[in-house]
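Student: Here the protein sequences line up with chains A and B, keeping their order.
Counting from 238, one number per residue, gives the positions in the first sequence under our numbering.
Counting from 238, one number per residue, gives the positions in the second sequence under our numbering.
If you are wondering where the hints come from, they were derived from the structure by calculation, not from laboratory data.
A pair holds if it fits inside one copy or across any two, identical chains being indistinguishable in the list.
Listed next, the in silico SDA-like pairs over lysine to any residue satisfying Cα-Cα at most 20 angstroms (straight line): (1) Lys408 with Phe452; (2) Lys258 with Ser367; (3) Lys258 with Asn368; (4) Lys306 with Pro295; (5) Lys249 with Pro521; (6) Lys249 with Gln451; (7) Lys249 with Arg424.
Protein chains: 2
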Amino acid sequence: MFAVCCEAHTTKVSRNANIAKLQAGYLFPEIARRRSAHMLKYPEAQVISLGIGDTTEPIPEVITSGMAKKAHALSTLEGYSGYGAEQGEKQLRAAIALTYYGDLSIEESDIFVSDGAKSDISRLQVMFGSNVTMAVQDPSYPAYVDSSVILGQTGQFQKDVEKYRNIEYMKCNPENGFFPDLSTVSRTDIIFFCSPNNPTGNAATREQLTRLVQFAKDNGSILVYDSAYAMYISDDSPRSIFEIPGAKEVAIEVSSFSKYAGFTGVRLGWTVVPKELRYSDGFPVAKDFNRIVCTTFNGASNISQAGGMACLSPEGLEAMHKVVGFYKENTNRIMETFTSLGFSVYGGQNAPYVWVRFPGQSSWDVFSEILEKTHVVTTPGSGFGPAGDGFIRVSAFGHRGNVLEACKRFKQLWQ
Amino acid sequence: MFAVCCEAHTTKVSRNANIAKLQAGYLFPEIARRRSAHMLKYPEAQVISLGIGDTTEPIPEVITSGMAKKAHALSTLEGYSGYGAEQGEKQLRAAIALTYYGDLSIEESDIFVSDGAKSDISRLQVMFGSNVTMAVQDPSYPAYVDSSVILGQTGQFQKDVEKYRNIEYMKCNPENGFFPDLSTVSRTDIIFFCSPNNPTGNAATREQLTRLVQFAKDNGSILVYDSAYAMYISDDSPRSIFEIPGAKEVAIEVSSFSKYAGFTGVRLGWTVVPKELRYSDGFPVAKDFNRIVCTTFNGASNISQAGGMACLSPEGLEAMHKVVGFYKENTNRIMETFTSLGFSVYGGQNAPYVWVRFPGQSSWDVFSEILEKTHVVTTPGSGFGPAGDGFIRVSAFGHRGNVLEACKRFKQLWQ
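Chain A extracted, bound-state conformation (with noise of 0.2 angstroms):
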């Protein structure tokens, strides 16, 4: 008998096959990596990025505020408070449907506080499990497909056309005005819609969402509505799902504080799922959910959400509406000098981030030009799906003073 020395020990347990098909990095580590080569390779450069669409502002005093005086007071017996309700707190579950829902007859109990949207869609996916079948924007944010791909609703990647095989991507483009043409959708299961959109920047019209709402019922699919943007509209189209008739029996709804609030770091989101509605067995989807939310999660932090009730106070919704009010100033000055150079440029309006056209160009190549020239991180278009090559997203979450040099380095670079 010969002892094997030293040989590294490997587990008989099989790698899930489902995380194995995904492609290379999830979009926004793999941009933070480059633009840590880019710095290495640039040390002296001063690199601004319009990338990953991270909120840059300090958060309100009068939010922040709330949450110091929470913290506090989990140091006294009084204001101690150890586990909370899975589901969120009852005080800020109601003051979300009041304000975000008060005319739509969502509940208090339809809401689900959470941290942040792309947990929620991921508790989603475990909900609906592998035997489902989905439809994406294309583009469209890559959580949605990621979680997909993990759970075991898709094929492999196919790399002739960019896509995995059984997702129905529903192409947006500036041809058909962002909106998909449903009468070449396939079926599926489930729907995720994003409006107003990542990446494209574009908010669907009551006409359109009536559509697609009527697309759902006729299906007898579960649509899945991310209204992360919604206080960016600035036109009368639609904030949430539920101001479309017949909604609640057909979609659940994702939002969060992080574009409002400057949340990204602190996180808090919610999810409502409507008691109207069913699965094909009547089942009502909120009883699933909320055992999914029970049974994986244990509650958004009670701080973040002592910040979430000092965001929907009436200090706290105006000093929100000024720091959107910040970034859609900082997206007009983004607008005005991709318009100015030339460029087709779309979003925008209702929306903190800005489409631009580079005809017969790949977003990659577009990325890294525009990276080594004027080391700015943007988004490549592609990184959102195959419809997405030849678009650039840049977002206008920054620093006026840094979206402006981005701005003037823009011009030096194409005037």
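Using the hints, position chain B against chain A.
Tutor: Okay, now just chain B, sitting in the frame of chain A:
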């Protein structure tokens, strides 16, 4: 043609059959429901909860100050931060590695900071997917089994034996010293093991854990080791599975600040996935966990993470030890009470849980009798698995006055 008026629309999406397998409610919400019903029935009663295991003592001021300071900083230009790394702040990961794994060659990059152990258990299950088999201690914390059911790793619940098909239940009872007889345990891909154990309060010895690691190694299994109560250990039982030689090639460790600093509502935990742990094809498990964390999570709240940093300062560590000491004193009182009443009492020495035997009785009956006659909420042992029947878990999380009052009532009931 007759239009059917007012009939409720139902989608054509099939309910996830795995969720339908789950039995009744998740344990703790079910106990909360019964507690509420009891309070309706006896509105005058002073109900004392030694049930859910929820911390009751204020968070030490040195820790809440750290969080309040961070909250205030977020309202300043210099102190603001948006999205952090999904894996947690570098500084906090380093401090966890140093504080809890200083001698064990666990590196900062092996630590994934999270919003708590329950969320991480679910993320681990999503990573493993539906094709793995799993073992749990019987009794055990319900989230292991329930998340396994949700992911589709199990068969149906068998009412006659109170077990799910396809889960290996490793019986832990006084007869085997609360450590499973591994010679009778079938090989599974994943082994969940909690020590100090929730609910039995028993900590495995170094010798037992050495056998467990060897068992996992021989079987090519992955051990998911839950050490959320490690700071409660008062003898020389290992505080971490990584104290056992070779564990890094077979184990993941999940832990939490909840029971050390009263963070049940603040939400902060961590998971250690060593680089040495590999799937059967040699692929590092940590790489997949990193991908799961980046895709389905956006990091723990930055304010909670500031709290974690404060916890790991010299003053914070001292303060946490006091909190733990306070609950340990509660535990002693509860143990003394039941021992003096002639019960067989287990746990307590290394955990804030006391496990009391009621031979031949149903746990839910005992739970109901105690609640009815003393207005004290406990937890029925059978809620943690069939081998927990005939036991009651009494949690030591409570104000001293309440614990003493509960002990008094127990004495009145049984003396």
